[in-house]
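A.B. asks: Protein chains in written order, with the working numbering: chain A, 8 to 333; chain B, -10 to 395.
Calculated from the structure, these hints are not laboratory results.
A hint or two may mislead.
To be verified - Here are the simulated BS3-like cross-link-like pairs (lysine-lysine), alpha carbons at most 30 Å apart as the crow flies:
{"hint": "1", "chain 1": "A", "residue 1": "K22", "chain 2": "A", "residue 2": "K39"}
{"hint": "2", "chain 1": "B", "residue 1": "K299", "chain 2": "A", "residue 2": "K39"}
{"hint": "3", "chain 1": "A", "residue 1": "K22", "chain 2": "A", "residue 2": "K9"}
{"hint": "4", "chain 1": "A", "residue 1": "K39", "chain 2": "A", "residue 2": "K9"}
{"hint": "5", "chain 1": "A", "residue 1": "K9", "chain 2": "A", "residue 2": "K52"}
{"hint": "6", "chain 1": "B", "residue 1": "K359", "chain 2": "B", "residue 2": "K338"}
{"hint": "7", "chain 1": "B", "residue 1": "K359", "chain 2": "B", "residue 2": "K378"}
{"hint": "8", "chain 1": "A", "residue 1": "K52", "chain 2": "A", "residue 2": "K106"}
{"hint": "9", "chain 1": "A", "residue 1": "K116", "chain 2": "A", "residue 2": "K22"}
{"hint": "10", "chain 1": "A", "residue 1": "K29", "chain 2": "A", "residue 2": "K106"}
{"hint": "11", "chain 1": "A", "residue 1": "K261", "chain 2": "A", "residue 2": "K237"}
{"hint": "12", "chain 1": "A", "residue 1": "K22", "chain 2": "A", "residue 2": "K261"}
{"hint": "13", "chain 1": "A", "residue 1": "K9", "chain 2": "A", "residue 2": "K223"}
{"hint": "14", "chain 1": "A", "residue 1": "K22", "chain 2": "B", "residue 2": "K299"}
{"hint": "15", "chain 1": "B", "residue 1": "K325", "chain 2": "A", "residue 2": "K223"}
{"hint": "16", "chain 1": "B", "residue 1": "K338", "chain 2": "A", "residue 2": "K29"}
{"hint": "17", "chain 1": "A", "residue 1": "K116", "chain 2": "A", "residue 2": "K29"}
{"hint": "18", "chain 1": "A", "residue 1": "K52", "chain 2": "A", "residue 2": "K22"}
{"hint": "19", "chain 1": "A", "residue 1": "K9", "chain 2": "B", "residue 2": "K338"}
{"hint": "20", "chain 1": "B", "residue 1": "K299", "chain 2": "A", "residue 2": "K52"}
{"hint": "21", "chain 1": "B", "residue 1": "K378", "chain 2": "A", "residue 2": "K223"}
Just so you know, these numbers come straight off a predicted model, no measurement behind them.
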Amino acid sequence: MKLSLAKGLNAGLRKAMEDDPKVVLMGEDVGKLGGVFRITEGLQKDFGEDRVVDTPLAESGIVGTAIGMALRGYRPVVEIQFDGFIYPAFDQIISQLAKMHARSLGHLKLPIVIRVPFGGGIGAVEHHSESNEAYFAHTAGLRVVACADPADAYWMIQQAIASDDPVMFYEPKRRYHERAEVELDEAAGAPLPLHSARVARPGDDVTVLAYGPMVKTCLDAAGAAQAEGKSLEVIDLRSLSPLDTDTIFASVRKTGRCVVVHEASTFLGMGAELAAQVQRECFYSLEAPVLRVGGYNIPYPPSRFEEDFLPDLDRILDSVDQALGF
Amino acid sequence: MSDDGMEQASAAPATVRHHETVVSGPVEHDITDGGPDMVQFVDGDGNRLPTSPSNADYAQIVEDLTPEDGRSMYRDLVLVRRMDAEGHALQRQGELGLWPSLLGQEAAQVGAGRAMRRQDYAFPGYREHGVAWCRDVPPENLLGLFRGVNHGGWDSNANNFHLYTIVIGNQMLHATGYAMGIQRDGDVGTGDLDRDAAVMAFTGDGGTAQGDFNEALVFAGVANAPMVFFVQNNQWAISEPNYKQFRIPPYQRARGFGFPGVRVDGNDVLAVYAVTKAALDAARAGQGPTLIEAFTYRMGAHTTSDDPTKYRIAAEVDIWREKDPIARMRGFLASKGYADEAFFDAVDKEADELAARIRTACHEMPDPPKPAMFDNIYVDPHPVVEREKAEFVAYQESFAGTEAGQ
Ligand SMILES: Cc1ncc(C[n+]2csc(CCOP(=O)(O)OP(=O)(O)O)c2C)c(N)n1
Ligand SMILES: [Mg+2]
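Chain B on its own, in the form it takes in the complex (with noise of 0.2 Å):
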């Protein structure tokens, strides 16, 4: 997909910084502009941008790209939008318990998702509805968690998509002890395209911040480990923005720890999967780790719990909704001829079907059996869960037929 006769964009929207003065100095992000090292192929308006110095390692990637595979990452976005929608309203109806939205992060998390192969390995943290789309993980599996009736659940082996883990920062290790195991078979920089793999590890911004994402690179970094650390930096951490977790970019960090770091644009689809891409190509190919940190922004509310407007402002909400990266897309693909109204009109519907499926599932998702949350604590029998199953299961008994037990 070429920049042929396209004109940048116009005049680029304003910014919001967060400035503020604490004890130690001030210290300035700007939260709307990722700045010139931020690669970029398809601005605001889904204008085609020129080779630039940040784009142009990546641009033959995105020039190899066929406007099908344009077609059917529009698609993965729109749908991952309905799913993460249905998530919302599913939460607002009382049939789940929570929902962290990935609203404004779909391209960050289709790119990331679209560029693994096969046998890589996912390790998300609990906003990952994109991912697990990219890697077929059916939606309703991404259910259970949120309504309550099991801790995830899903065989992790069957897409190679990681339990979703809600402690901050600790996958990020478990993703690296996986690429160590993968060295060690022997499965990284042989050239063969389906046996070589690597791993991505995702966090957020907050998450940048805890030790075991720090430890995480260092063990990447000496094993020389077949990783892409994958940062999206949606500017917020619940109520703290990014100057309350680090002073430099995630993206600069990589370097003190030994492997490059590379600043995307997370709302740029194109853009997420080529970096993405060429990370995971050197990792398979045993170079090693990188560092990407897409720069993108939560639209919505930390989950269904949280209230927004008690720490930010709306005007950053408007100016990144300038940003919407499905809006982009949309846009290059209809200006480039790559699709037309009866294609969008066509994924409209299929994004309607799939919010349909969602809900019916979610609708007939059984509560599973009480005395189940005994199961699978141990593998092999343990008598203290023994005897309290037993227990537990004819307590419940000596209620049948009373008040109680109906």
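For reference, chain A alone in the conformation it holds in the complex (with noise of 0.2 Å):
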């Protein structure tokens, strides 16, 4: 079936909460407007406003409760409006929800999404466009993970609910009404775990590491550096934390070059944690240093410099070309 990310993410809801009624929706504006995205669509009217909770505006609320609700069973998936509202929530979930299993010796779970609507290209004014990811990554005790299409926005978030550790969960925002195939029978094949990256196209020359939004920028660049004679292979990384370094590891030591491509300002972005590991994991075989293309180390510019401050086809390519000069 032919789905949109948005309506992926909204029928992979909707079948987490038929298969657990312990699944519980809160956030801002997600009942009769279905989120200011739709990704909760419909939902409030067919499972109810117990299920389906347009919460107070604060954020802090809605992670602390959503705590709350899960130490009292419930499997609550917490929808952050924009990135940028997330930080009035960044105690609940740093100082909380990261760290109460481990406090409680392991007899305390929390099973939590937070969904976060992430990255920019859509034109919004400030607070409307971050990449986040990174404080969270960096964060022991969360799993962060991120959708780059349809198919893996139905089949991850109902994984990531049926996580019993919180997880983070990154939807690129500019990629919402972006349309593809989707196999919905789970009998036609398991989908992919959580935590695996997917070799989104196979390649010889040069390692594109990539998730979320950057996915398509960078399948777009490597279609154009095949015209080119250059064979990228990208991948998409889909969990950011933990990492799967085996699939990252794979490809670079077959490619011996390798290019981290987020939206993120570069500056202890998730591209240094990957350049560290890979330049470890793969030094005998990297045949050039590990680059970045990022964000600019500035706060999200005013949405007429977008453009330029996000990466787009010429600075991947530009840099593909600087890992294959070495």
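Now that you have both chains on their own, put them together as the hints suggest.
C.D. replies: Shown next, in the form of structure tokens:
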């Protein structure tokens, strides 16, 4: 069935709610409106106000009460309206959500999913285009994933909800309306595990690591590179914590070159961790230093600048050429 | 402006109630009738209401206003609505990325803004175009943020009007801290009208749920800070009505934090002005904070990105249209003989001119040069930013003369 990424998420949430009556959605405007991106559209109508909760406008409150509900046996799925509005909940996420299982010596489980529409490219005003995944990937106790296409949206959201650990679930908001074929039937083949990376396009010359909104950009870049006789292997990381290092290292050992692409600023971003691990584990295979393409190290700029702030085809290919030039 | 001889409004319009049964039991909010505590001086038809227990404390302030004051408030209402309509139109024409309209909330904002003195300071949310107007902030300044050329960019200290704050609730604490600074400067309770200062913090009904909002009330109460918390209860926080944000209305919450709360008819500019002036006077005199809840209505969508037909019924919009703040003030001025058709026509003409001025300014607003995105990140030079800026410029220049550079 052909679905948009948004509809894939919606269908995945619906399936999870049908499968488990303990799954409860919480967030601002998720009820009648279906969320500002309509990801929860129709769910309150079908599952009622007890299971699709329009919360008061307070993110710390949302995550804090989700923790309490999880302690009572529920599986809350929280929607943060936009990436830049998660910070009021930072304390609850870092100090409590991430640590409570360990503090209880394993007695307590917090099966909470925090959905975060992230990234730029939609011409929005400030605080609506951020990529803050590294803060959370930096925090032990949280699992962090990012879907990039409709099929992963459908399956990964269900897997995240099934996880007994808290999961930060990043959704590439600028890709919400892109459509692709989605196999809804599990019998047709088990979906990839939640924390596996996926070779989105095989190639031989350079490994390109990406996730979320940049996967498509990198695939486009690989298409353009192909025309110039360069073969890029694009890997959709899917999981940022833990990292599927086996898939990453195998690719880099094959190509000998690695470029990491993300929208987030590069300084201490995911690319820093990936570069460190790749150079340690693939040292003897590397023909070039691991390069990063990312947002510049400035606050996310006003939207008229974002085209130049965000990695695009040209910047990715520029780095690919640099990697090939060593 | 007195209440001589004016009859009270006839039948009040039917009301709309929001009523839902949720896990914890029913909560009911009347979203069209502010109730008996609400301070009001002019009814929906423009009739001056008699003195009553709820408005008596503020009656003298209204009495002291001159017809000229009334006319100039009317002018502000009309110009502010027109400025807002132009912002909306510019978004529709693709000149702005977004516009949050204040339609319906003109009286709340003009009443509040007009009550401020030059040395007072305003901390707005993102919808306070009318307060900006009253602080003499050029309307053109507000466009950059919504056009995507800057994040606001104006010098807040030029008009004592802080940058817009989009993250709900954040600014409430900034306002409180600013007021604590005023206390330390000794600019409270001196009796000097040009020195004593107060701060106004603006948010919406939804904003009252945030931790920052409630912490600000705690801090302001403890500090007895010279502050006015001004909550525009426009009945909606995007798609969520009042009963999803609180069980008792915001004005009743203030008492629990140790200072008074007042509900005022947010569509009655005279009432808002009077209540705000009283609160600011008290704050400047060292009597501490007040929370004002302006009971009003968001006539339009949340922003140009929103579709309110998904979550609210037209009937409540119709009821509120009858309470229109501008029609009400116009009726009042006309019935009192304080203004004539020639005056109203002149204001409309001025509004046309303002709209044209804003339109031109928007069209002529230059896109800043691309490398400017690296500017003003730090006060002092920062090596990472400097290096990236240089790299960016070199990278851009590498396209010069090629197809991509054209
Ligand atoms: C911390 C935070 N969370 C969510 C949002 C998204 N958001 C923008 S406006 C809004 C509703 C605000 O409602 P209210 O406070 O009543 O003000 P109004 O827009 O009605 O003027 C929401 C949820 C935000 N800006 N900041
Ligand atoms: Mg509101």
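A.B. asks: Next step is simple, just say for each hint if it's right about the structure.
C.D. replies: Do the hints match the structure? See the list:
A C-alpha spacing of about 19 Å is found between K22(A) and K39(A), which places the hinted pair at or below 30 Å, so the restraint holds. The suggested pairing of K299(B) with K39(A) holds, with an alpha-carbon distance near 7 Å, which does not exceed 30 Å. The suggested pairing of K22(A) with K9(A) holds, with an alpha-carbon distance near 17 Å, which does not exceed 30 Å. With a CA separation close to 25 Å, the supplied pair K39(A) and K9(A) stays within the 30 Å bound.
In summary, the hint linking K9(A) to K52(A) is supported, as the alpha carbons are separated by about 24 Å, within the 30 Å threshold. A hinted pair counts as satisfied when its Cα atoms are at most 30 Å apart, and K359(B) with K338(B) does not qualify at roughly 39 Å. For the hint linking K359(B) to K378(B), the alpha-carbon distance of about 10 Å falls within 30 Å, and the restraint holds. The hinted pair formed by K52(A) and K106(A) fails the criterion: a straight-line CA distance of about 35 Å is larger than 30 Å.
Using a Cα cut-off of 30 Å, the hinted pair K116(A) and K22(A) holds, with the two alpha carbons roughly 22 Å apart. As the CA atoms of K29(A) and K106(A) are separated by approximately 22 Å, the hinted pair is consistent with the 30 Å bound. With a CA separation close to 15 Å, the supplied pair K261(A) and K237(A) stays within the 30 Å bound. Restraint check for K22(A) and K261(A): not satisfied, since their Cα atoms lie roughly 39 Å apart, outside the 30 Å limit.
A distance of roughly 17 Å separates the Cα atoms of K9(A) and K223(A); the hinted pair therefore holds under the 30 Å criterion. A threshold of 30 Å between alpha carbons decides the hint, and for K22(A) with K299(B) the separation of about 24 Å falls inside it, so the pair holds. Only pairs whose Cα atoms come within 30 Å are accepted, and K325(B) paired with K223(A) is rejected, the gap being roughly 66 Å. Restraint check for K338(B) and K29(A): the C-alpha separation of about 61 Å exceeds 30 Å, so the hint is violated.
Distance restraint check for K116(A) and K29(A): the Cα-Cα separation of roughly 14 Å lies within the 30 Å cut-off, and the hinted pair is therefore satisfied. As the CA atoms of K52(A) and K22(A) are separated by approximately 15 Å, the hinted pair is consistent with the 30 Å bound. A distance of roughly 54 Å separates the Cα atoms of K9(A) and K338(B); the hinted pair therefore is violated under the 30 Å criterion. Taking the CA atoms of K299(B) and K52(A), the gap is near 13 Å; set against the 30 Å cutoff, the hint holds.
With a CA separation close to 27 Å, the supplied pair K378(B) and K223(A) stays within the 30 Å bound.
Of the numbered hints given earlier, the model fails hints 6, 8, 12, 15, 16, 19; all others are met.
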